[in-house]
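S.K.: Sequence:
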Amino acid sequence: MAIVGLGGVGMAALQGAVSAGARYVFAVEPVEWKRDQALKFGATHVYPDINAALMGIAEVTYGLMAQKVIITVGKLDGADVDSYLTITAKGGTCVLTAIGSLVDTQVTLNLAMLTLLQKNIQGTIFGGGNPHYDIPKLLSMYKAGKLNLDDMVTTAYKLEQINDGYQDMLNGKNIRGVIRYTDDDR
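Here our numbering is used: the first residue of the sequence shown is 7, the next is one more, and so on.
Hints are computed from structural coordinates only; laboratory data are not their basis.
Everything hinted at is true.
In the DSBU-like style, the derived pairs of lysine-lysine whose C-alpha atoms are separated by at most 30 Å in a straight line are: (1) LYS164 <-> LYS81; (2) LYS152 <-> LYS179; (3) LYS149 <-> LYS46; (4) LYS96 <-> LYS74; (5) LYS46 <-> LYS143; (6) LYS164 <-> LYS149; (7) LYS179 <-> LYS164; (8) LYS81 <-> LYS46; (9) LYS179 <-> LYS149.
Model the full assembly from the supplied sequences, consistent with the hints where possible.
M.R.: And the structure:
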């Protein structure tokens with residue numbers, strides 16, 4: 007399993023991979039402290055970029071690559087999709103959770119490799135889950151200590167700092183920022 011992008015969605019996907027028993031959990035993230043956090047959350051290998059991941063994953067898996075690749079980058083660019091497929095195994099699935107621009111209608115793919123290696127590309131929102139089932143299950147996991155949400159919160163903002171929090175999100179400064187709304191904010 008490989009996760010590209012280690013914000014809140016990426017770290018949650020990483021924990022899901024660990025919880026599901028993935029043998030290898032590869033994490034790709036340019037920000038060093040997020041890679042360090044990924045190791046604490048259970049990643050077995052971390053890489054600063056997709057090229058380093060390609061070489062590292064190929065070495066660890068003897069060229070088989072990752073059966074599942076989850077893309078959770080802040081902004082999806084169609085020109086990058088083919089590079090994500092390079093770390094996807096034959097018959098594997100590359101899941102795009104990141105959203106690209108509505109006007110970006112171009113995707114670059116090596117169609118021969120897509121077909122010959124029988125790779126799948128899947129888009130998803132909210133992991134394709136059912137909130138009536140998934141939210142109670144996730145809450146149970148959190149209460150049992152099997153889902154670490156607390157350490158995913160890297161910055162808490164006051165209500166009047168909401169614009170700072172939004173800018174920090176755009177700049178990738180947090181794994182997850184939250185607004186702490188207290189009685190003093192009324």
